[in-house]
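Engineer: Protein chains in written order, with the numbering used here: chain A, 183 to 297; chain B, 90 to 203.
Simulated from the structure, these hints should not be mistaken for lab results. Beta carbons: idealized from backbone N, C-alpha and C, even for Gly. There may be inaccurate statements among the hints.
Unchecked claim - Some chain B residues close to chain A (C-beta under 7 angstroms, calculated; not the full set):
| hint | residue |
| --- | --- |
| 1 | GLN106 |
| 2 | SER122 |
| 3 | PRO132 |
| 4 | GLN137 |
| 5 | ALA176 |
| 6 | LEU179 |
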Amino acid sequence: KQEVTQIPAALSVPEGENLVLNCSFTDSAIYNLQWFRQDPGKGLTSLLLIQSSQREQTSGRLNASLDKSSGRSTLYIAASQPGDSATYLCAVSLGYGGSQGNLIFGKGTKLSVKP
Amino acid sequence: ETGVTQSPTHLIKTRGQQVTLRCSSQSGHNTVSWYQQALGQGPQFIFQYYREEENGRGNFPPRFSGLQFPNYSSELNVNALELDDSALYLCASRPPSGAKDTQYFGPGTRLTVL
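Modelling step: build the complete structure from the supplied sequences, incorporating the hints.
Structural biologist: This is how it looks when you write it as structure tokens:
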């Protein structure tokens, strides 16, 4: 059974710091891995999607890496801003069976960036 | 291009009642998935519909059921509501390109069961 774990559960940093969020998964037979952002009580916004054949993806100040063999992904946020404050969720997509493409999520990392 | 929309935004029900939640998928998307997100947890997959047929289901009891319509909009029905059903219910749609593409999430419906 695929399980996704995110560390830390919460993180508070001063504005301007670079930071790393961690995600691990137990079954390497994934189709892809995604990072999402969720603001309080809201839906999910996709930040980055990494296909299983890729090693990393970048968008602006965000960079996500994937090491399928070790079951790990990191989300790097450069020069953090107060507007980055949100919960960040990691999700893997199964590559087999009737649930192909559906997402298994971690519990998220709640990020607070203080001005 | 219109994104994924859900209705209602909030809903309060009492234990034992039935509820229907609605989702309009993004234009051109033929696959819809539903997720349940309890407070402080990550979303959990309920089921998926493709071309009006359920083609994947998570670990949820049969009192959770759904429909997809020819225009690809979808409903989630929950019978015999329990207190633990209180959660944010998220709908997500995906284009015909399939599992390799991202899912686009709606804003969710907040269900409170008293």
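Engineer: A separate judgement is required for each hint: does it hold in the structure or not?
Structural biologist: Hint check results:
1. Among the interface hints, the one on B/GLN106 is violated; its C-beta lies about 23 angstroms from the nearest C-beta in chain A, farther than the 7 angstroms criterion.
2. Interface hint status for B/SER122: upheld, as the beta-carbon distance to the closest one in chain A is roughly 6 angstroms, under 7 angstroms.
3. The restraint placing B/PRO132 at the interface with chain A holds, with a minimum CB-CB distance near 5 angstroms, inside the 7 angstroms limit.
4. Hint status for B/GLN137: holds, given a least beta-carbon distance of 6 angstroms to chain A, under 7 angstroms.
5. The beta carbon of B/ALA176 comes no nearer than 12 angstroms to any beta carbon in chain A, farther than 7 angstroms, and the hint placing it at the interface is violated.
6. Taking 7 angstroms as the C-beta contact cut-off toward chain A, the hint placing B/LEU179 at the interface holds, the least distance being around 6 angstroms.
Hints 1, 5, counting from the list given before, are not met by this structure.
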